[in-house]
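Kindly produce the complete structure, drawing on both the sequences and the hints.
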Amino acid sequence: MTTPVVGDQRTLGFSRPELPPPLRNPRASLKLRNALVGWTFILPNFLGFAVLTLVPVFTLFYLSLTSWNIFGTAEWVGLDNFTRLLGDKSFHIALGNTFYYAALHIPITIVVSLSLALLLNQKLRGAAFFRTVAFFPYITSIVAVAVVWNMLFSPEFGPINQFLGLFVDGDLPGWTVSKDWAMPAVIIVGTWKDMGYYMLLFLAGLQTVPGELHEAARIDGANAWQRFWNVTLPCLRPTMFFVTVMVTIQSFKVFDLILVMTDGGPGQATLVLSQYIYQKGFEQFEFGYASAVAVVLFLICILVTVVQFLYNKRKEA
Amino acid sequence: MNRKIMSAVGVAAAASLALTGCGGETAPEAAEGPVNITLAGWDFASTPEFQTLADAYTEANPDVTIELKEYPAGEDYDTALTADLAAGTAPDVFIVKNLKNYVTFQEGGTLLDISDVAAELDPATGGLEPMAVDGKTYAVPYRQDTWLLYYNKALFEKAGVDLPDGSWTWDDYADAAETLTKDIGEKQVTGTYLHSWQSTVQGFALAQTEGASLDGGDFSYLAPFYERELAMQDNGSQPSYATVTTNELTYQAQFGTQKAAMLPMGSWYIGTLVAEQASGAADTFEWGIAPIPQLDESTTGTENTPVSFGDPTTMGINAGIDESKIDAAKDFLKFAAGPEGAAALAEIGITPALIDDAVADAIFGLEGVPQDDLSRFSYTTHETLPENPVGQNTAAIQTILGETHSAIMSESTPVDEAITEAEERVANEVG
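Chains as they are written, first to last, in the UniProt record's numbering: chain A, 1 to 317; chain B, 1 to 431.
Just so you know, these hints were derived from the structure itself, not from any lab. Note that the structure is predicted; figures quoted are calculated from it, not measured. Treat the hints with caution; some may be incorrect.
Residues from chain A that keep clear of chain B, each with C-beta distances beyond 12 Å, as calculated [unchecked claim]: (1) Leu36; (2) Val77; (3) Phe129; (4) Met151; (5) Lys179; (6) Trp192; (7) Pro210; (8) Gly211; (9) Gly221; (10) Cys235.
Simulated coverage check for chain B against chain A, where a stretch passes if three residues somewhere in it have a Cβ under 8 Å from a Cβ of chain A [stated by the list, open to error]: (11) 244-256; (12) 308-317.
Glycine included, C-beta positions come from ideal geometry on N, C-alpha and C.
Here is the structure:
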């Protein structure tokens with residue numbers, strides 16, 4: 001960044017004043033000014049972040065230690081909300097379901113989006129068209145996605161079960177209206193919706209893989225799998241790390257898709273933490289308790305991300 | 001999403017803190033000259049009742065203007081209104097849309113005690129009595145819908161089944177649905193249609209079963225109702241819960257386009273069906289209204305009063321209202337919940353809380369509303385109990401029972417097991 005030139009007074013017609021005493025440390029002054037200029041650039045964004053995210057997050061921590069029904073003042077209850085969580089079966093179910101969703105959604109999304117990226121990175125005819133097609137679900141309205149997939153999954157009349165019926169005799173999955181199949185159904189749709197976005201990130205990453213490495217590997221007699229495993233994948237590590245962190249956080253805070261597809265049901269089969277927070281807060285006005293659940297979700301996300309960071313750092317070293 | 005929730009909570013918290021700091025006391029002053037009262041409602045384009053009441057009131061009281069404030073429809077109404085109430089920016093008068101949140105508003109100190117208004121209303125006003133909390137009333141009903149049985153006369157005739165005569169129990173209804181399905185003999189047409197809401201089973205069970213209570217911890221009263229509904233979806237008398245939810249079926253389309261010969265539904269559907277038949281959104285066919293089927297014969301027949309359910313829609317005064325406006329606001333509530341408000345609502349096809357002959361004449365004077373005696377009897381004669389009895393734990397219990405409903409109706413969990421689980425959860429998680 002260049003330092004802006006402060007008005008040259010001679011050109012403005014002033015007589016030259018006495019020179020100011022020399023600064024003790026001109027470098028420090030320049031540094032400070034540059035820092036200030038930099039801060040000014042990020043200020044608008046940071047202000048928005050501080051007011052709309054940072055302050056509420058700190059408020060959340062405070063609220064999680066209170067009992068508050070939104071009206072009046074919050075009553076300090078210390079760790080009561082967290083003690084209550086220990087014995088709350090619905091919270092345990094929601095926690096378990098959240099891990100169930102994440103444990104399948106994270107690896108499947110990464111594998112599928114990476115495969116798509118590798119496929120569409122080939123010099124195929126119409127690759128641009130297929131990339132757009134794969135990206136489409138990501139920008140489609142979540143409600144439309146949920147409604148259409150619910151119809152596809154309809155156990156009696158849905159095309160998916162009609163197709164499966166051609167090969168399978170006997171009981172077909174009940175999908176979104178079955179306790180056992182609702183979560184897999186939601187995971188399938190979640191993966192389908194998200195894969196386009198992560199495919200795009202992987203595609204960008206693939207452009208940075210040096211062609212000569214592949215060439216060298218080929219000359220050394222490496223087959224396609226070996227080249228993928230030993231060249232492509234290591235070169236993709238920064239992208240892979242970014243994608244893993246993003247998809248992990250996204251999986252743990254899944255909400256809208258499940259709300260529209262199954263509303264947490266049947267029973268509590270797809271109740272996840274975000275929806276439990278919503279239920280406790282906005283349906284039952286227990287904002288203190290809901291905040292405590294949100295704190296737990298926050299800590300899980302932090303913990304998983306830190307573990308991923310450490311793992312990535314060790315690999316880098 | 002959790003971030004959004006955090007933001008909402010934070011903003012509300014900040015706002016409420018700011019307000020507690022700067023809320024000053026003002027000396028009460030009687031209003032002089034024109035008074036302006038603000039009223040919270042939702043979706044004015046398709047919900048004309050607020051404008052209707054406001055217009056009728058200002059016509060009779062030119063000194064008062066009622067200014068409508070639009071809030072989002074659906075569940076978002078409560079969320080948005082709650083935020084405004086917590087921030088102290090909510091309108092003077094607001095609708096308590098969902099009865100299950102009434103106690104939260106009341107306990108939160110957002111509702112003015114209007115027992116004096118309630119005392120002056122006709123005791124026959126539907127849903128008035130259950131609004132009392134420790135002997136005081138904080139909101140008064142201006143609408144009270146009740147659940148009725150709609151039926152398609154043409155489809156009954158086609159199947160050669162006798163029309164409902166007011167004597168039906170739920171077993172008679174189930175038999176009729178089965179015969180209708182078989183004898184109409186069309187693949188897409190079923191004897192009846194049960195919508196996916198938990199109230200379509202639980203509302204009736206709670207209202208009609210002797211001794212049943214929502215917060216008593218015993219939900220065994222739900223079992224016979226669920227067993228019947230499951231049998232009906234298994235024998236094809238109604239589309240299954242799975243089909244209804246996954247295909248997003250709507251009751252308006254199922255009954256309005258003659259895919260179901262019967263439909264248990266709230267009285268608000270009278271106005272909708274008339275409008276849809278007029279606009280062509282629904283087929284043109286002759287229909288009628290019968291009392292909702294009863295649990296046993298003690299309440300059937302036109303010499304008895306059938307028992308049904310329905311939550312009143314109520315109006316309350318914001319506790320933070322300017323004191324000079326209180327009298328005018330109370331007068332408006334008295335008007336809205338009284339005979340004049342009822343007459344104005346009936347004219348636009350809405351069922352008011354106070355149903356008298358004038359109201360029935362107005363509703364049955366609308367073009368397209370059935371004219372037979374049973375329809376009028378069903379509309380005017382019923383004991384309607386709330387789906388969400390006023391209580392501190394109602395919202396939390398209903399969430400649990402909502403999950404029970406989807407578990408049972410999707411046939412994921414057997415009835416008894418699901419009910420036991422609900423009882424355990426209420427014991428452990430509520431209160």
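Taking the hints in turn, this is what the structure says about them:
Every C-beta of chain B lies more than 12 Å from that of Leu36 (chain A), the closest at about 28 Å, which supports listing it as non-interface. Every Cβ of chain B is farther than 12 Å from the Cβ of Val77 (chain A); the closest lies at roughly 16 Å, confirming the non-interface assignment. Distance check for Phe129 (chain A) against chain B: the nearest CB is about 31 Å away, which clears 12 Å, and the non-interface claim stands. For Met151 (chain A), the shortest C-beta to C-beta distance to chain B comes to about 6 Å, within the 12 Å cut-off, and the non-interface label is violated.
Look at Lys179 (chain A): its CB is around 4 Å from the nearest CB on chain B, not clear of 12 Å, so calling it non-interface is violated. With a minimum CB-CB distance of about 17 Å to chain B, Trp192 (chain A) clears the 12 Å threshold, and the non-interface call stands. Distance check on Pro210 (chain A): its Cβ is at least 38 Å (rounded) from any Cβ of chain B, clearing the 12 Å threshold; non-interface status holds. Distance check on Gly211 (chain A): its Cβ is at least 41 Å (rounded) from any Cβ of chain B, clearing the 12 Å threshold; non-interface status holds.
Every C-beta of chain B lies more than 12 Å from that of Gly221 (chain A), the closest at about 51 Å, which supports listing it as non-interface. With 12 Å as the threshold on Cβ separation, the claim that Cys235 (chain A) sits away from chain B holds: the shortest Cβ distance comes to roughly 33 Å. Under the rule that three or more residues need a Cβ within less than 8 Å of chain A, the assignment of the stretch 244-256 of chain B holds, with 4 such residues. Only residues whose C-beta sits within less than 8 Å of a C-beta in chain A count toward coverage, and the stretch 308-317 of chain B has 0 of them, not enough to reach three; the restraint is violated.
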